[in-house]
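**Student:** What follows is the residue order along each chain.
There are 2 protein chains.
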Amino acid sequence: MKVAAVAIGHGAFGKRSDASVQELAFEAFREAMADGKNLERADLDAAVLGSVPEYHKQRSLGGVVAEYLGLNPKPIWLTECACASGSAAVRTAYMAIKSGMHDVVAVIGAQKMTELSTPEILALMGRVGEVQWESIFGTTFPGYYAMFANAHMHRYGTTREQLAAVAVKNHYYGSLNKFAMFQKPVTIQRCVEADPVAFPFGIFDCCANADGAACVILASEEKARKFTDEPVWLEGAGCATTSMSVLRRPNHYSIPSAQEAARQAYRQAGVDAGDVKVADVHDCFTIAEILAYEDLGFCEKGKGGKFVEEKQSYIGGKHPVNVDGGLKAKGHPIGTTGVSMTVEIVKQLRGHADKRQVPDADIGLTHNVGGIGQYCFVNVWRR
Amino acid sequence: MKVAAVAIGHGAFGKRSDASVQELAFEAFREAMADGKNLERADLDAAVLGSVPEYHKQRSLGGVVAEYLGLNPKPIWLTECACASGSAAVRTAYMAIKSGMHDVVAVIGAQKMTELSTPEILALMGRVGEVQWESIFGTTFPGYYAMFANAHMHRYGTTREQLAAVAVKNHYYGSLNKFAMFQKPVTIQRCVEADPVAFPFGIFDCCANADGAACVILASEEKARKFTDEPVWLEGAGCATTSMSVLRRPNHYSIPSAQEAARQAYRQAGVDAGDVKVADVHDCFTIAEILAYEDLGFCEKGKGGKFVEEKQSYIGGKHPVNVDGGLKAKGHPIGTTGVSMTVEIVKQLRGHADKRQVPDADIGLTHNVGGIGQYCFVNVWRR
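Chains as they are written, first to last, in the numbering used here: chain A, 1 to 383; chain B, 1 to 383.
Isolated chain A (complex conformation):
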């Protein structure tokens, strides 16, 4: 059975002290309900919430979200896979529909990252790495990805400026996205001269914690055209894992789970990398986008730095990537990100992305990494 995205909604990302997590969820949900054609609450069979619960004061988030969105007594459940929690929600909703258990499922990504104090957040984030053998020695997320960057620079000659080129591209596109946390372009020079975070990263190589929500309504083939004239079909849903511990990885210049998830998604959809016209990938740090180009097969292994330097990931290039600004400019509300990526790809495949529209986009892809690569979800969408 085929499954389509039939409606999308997206709220503003950033420091949203104006709204609770359930209010953020409602903002995106309301927009999605309005986006669907004659779509009513009664048409929904269930909801899946992508979120990392521990950043919120409220526990049992699915419970408050179901109530606040007026979904009772419909089922809701929460999925958590660190920064890929939103894609885990998309995938379980997809399975719920393919299984015949439900016909129409709302996928909600909702996350606040600013309720807790910065030291509390840093303590929590460090422990998304392996606690027993790694985070106890002080590993942090920028530290892990900086290690990947150094490995890539050492092995393939990737340059500081090539890393910065990712930030320049994504902040440029972010300047065209009204939902982005940061809407100003930056230059290579500003990036390389910025305050250091973890060598080789400066502040512009790192995405920012953010609050925000997004919503995608999925429906079965039978129901899809009732709610939209522009269904966007989920044709490949890959998911794979790699050891959490970086000590047990085969190398530090690729994400094996991303390579495997991409293989699965391409095979299911019957396409290959060359067919992908637009992609949203997980650029939590600039190196992560370069690894994604390579892991997804958009360019040869080791050539990711050159790929962005040559603007092959801009609109007009070989594979436009993160033309919504990516995590880099949008901000990274960790449980929401996978759903936000989905919203952008659906918008692109419908041809409604305005100034950021990729011409003739018929096949799109989302690539969402959890943690430091212990999970990766790759979805292939077709209009």
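Honestly, the hints are just simulated from the structure, not real lab data. Just so it is clear, the structure is predicted and the values come from calculations on it, not from any experiment. Think of the CB as a built atom: it goes at the ideal place given N, C-alpha and C, for glycine as much as any other residue. Mixed in with the good hints, there may be bad ones.
Stated by the list, open to error - Covered, in the sense of this in silico footprint (three residues per stretch, anywhere, with C-beta under 8 Å from a C-beta of chain B), are these stretches of chain A:
(1) 67 to 78
(2) 86 to 93
(3) 96 to 107
(4) 248 to 257
(5) 369 to 377
As the list claims (entries may be wrong) - Among chain B residues calculated to face chain A with C-beta under 8 Å, some are:
(6) 73
(7) 99
(8) 168
(9) 226
(10) 245
To be verified - Which chain A residues stay away from chain B? Per the calculated CB distances, all over 12 Å, these:
(11) 12
(12) 190
(13) 260
(14) 360
Once you have looked at the hints, place chain B on chain A.
**Tutor:** Frame of chain A; chain B shown alone:
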């Protein structure tokens, strides 16, 4: 497509300072792998982890569990629905198989509750109620359920001794279960005279936080008989929600989500309450088991107290319930509980429950409530 439980594993519940959460998961997983016939890791397509992440120091639990169990690069994802997280895992694994995405899925419930200090745990648990309007005024879990108990006593004349009779039954059966946290019988007198917690509850009316893990391997109809000669089929999987806020409930002497989830599960399985030969229900507090009898249709509304007083929920009675000791005697590792219930029902339907065996058990049921009823999952199983 039909889906069966083909293998089960269960570890000891209690204060497990001897093991990390991934070690607990492995203990149950190893037992399940040994329980399956010629079942190898290579036969598994994916795993789902039921757990409430915030009680652990380690974040991104799916990542450490996948690595420690040797499951990389297979997919894993975590489901969270408060105390029903384990049943949410069973349900998404069921959908994963029915969807045709995976054939064999390991469902792992793994939870530590004793890593954090008691004040930290109490603070977290209070916030499983509605934070904005309720927990801020000091609501706690015993307080919520005590309110349900008072409402039931007031409306239906349920007695203190009838509440205690639930504890007496469950501790009696717990004394026959080697995995239970508490393995000693108690008397009505001891229960009613015990230290008070929240009126009318004494300490024996409340389940205990525990560490522990359980594992169930589910497989498609096509694969099931390869791994077991005694498949136990999941024939109904109901799930529903009720408002998180108790202020918005229709009453406080029933759990509407349980009634709705039961209706769904019975309808899907083509059975009614009278057909259920053995059930594991969510007795987080003694009143919760009495509500479950009524919400599931084992007795008339308001007659739950009498039902247990007359030993209708003992082996030999009309509907044997929690003959493994329930949460009351086993302890309640919140993310594991739904999987533990499943292990017991599979064991019963196979006829392998030894001294606790319900004769001629062919249809079994699990009833797992999340939080104070904001979620409920009811599954019907058939041998």
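**Student:** Does residue 168/B pass the interface hint, meaning its C-beta sits closer than 8 Å to a C-beta of chain A?
**Tutor:** Violated. Min distance 31 Å.
**Student:** Have a go at the residue 245/B hint: is there a Cβ in chain A nearer than 8 Å to its own Cβ?
**Tutor:** holds, 6 Å
**Student:** Regarding the hint that residue 226/B lies at the interface with chain A, is the smallest CB-CB distance below 8 Å?
**Tutor:** violated, 21 Å
**Student:** Confirm or reject the statement that residue 360/A sits farther than 12 Å, beta carbon to beta carbon, from all of chain B.
**Tutor:** Non-interface label stands for residue 360/A: nearest chain B Cβ at 30 Å, farther than 12 Å.
**Student:** Does the segment 67 to 78 of chain A contain three or more residues whose Cβ lies closer than 8 Å to a Cβ of chain B?
**Tutor:** holds (count 9)
**Student:** Closer than 8 Å between Cβ atoms is the bar; does residue 73/B clear it against chain A? Give me holds or violated.
**Tutor:** Holds: closest Cβ of chain A sits about 4 Å from residue 73/B, inside 8 Å.
**Student:** Count the residues of the segment 248 to 257 of chain A whose Cβ falls closer than 8 Å to any Cβ of chain B, and tell me whether that reaches three.
**Tutor:** holds (count 3)
**Student:** Verify this label for me: residue 260/A is non-interface relative to chain B, using a Cβ-Cβ cutoff of 12 Å.
**Tutor:** At roughly 5 Å from the nearest Cβ of chain B, residue 260/A sits no farther out than 12 Å, so the non-interface label is violated.
**Student:** Mind taking a look at whether chain B covers the segment 86 to 93 of chain A? Criterion is 3 or more residues with CB to CB distance under 8 Å.
**Tutor:** holds (count 3)
**Student:** Residue 12/A: least C-beta distance to chain B exceeds 12 Å?
**Tutor:** It holds; residue 12/A is separated from chain B by about 21 Å at its closest Cβ, greater than 12 Å.
**Student:** Verify this for me: three or more residues of the segment 96 to 107 of chain A with a beta carbon less than 8 Å from a beta carbon of chain B.
**Tutor:** holds (count 6)
**Student:** Are 3 or more residues of the segment 369 to 377 of chain A near chain B, judged by a Cβ distance of less than 8 Å?
**Tutor:** Three-residue rule met by the segment 369 to 377 of chain A, so holds; n is 4.
Checked against the numbered hints above, the structure breaks hints 8, 9, 13 and satisfies the rest.
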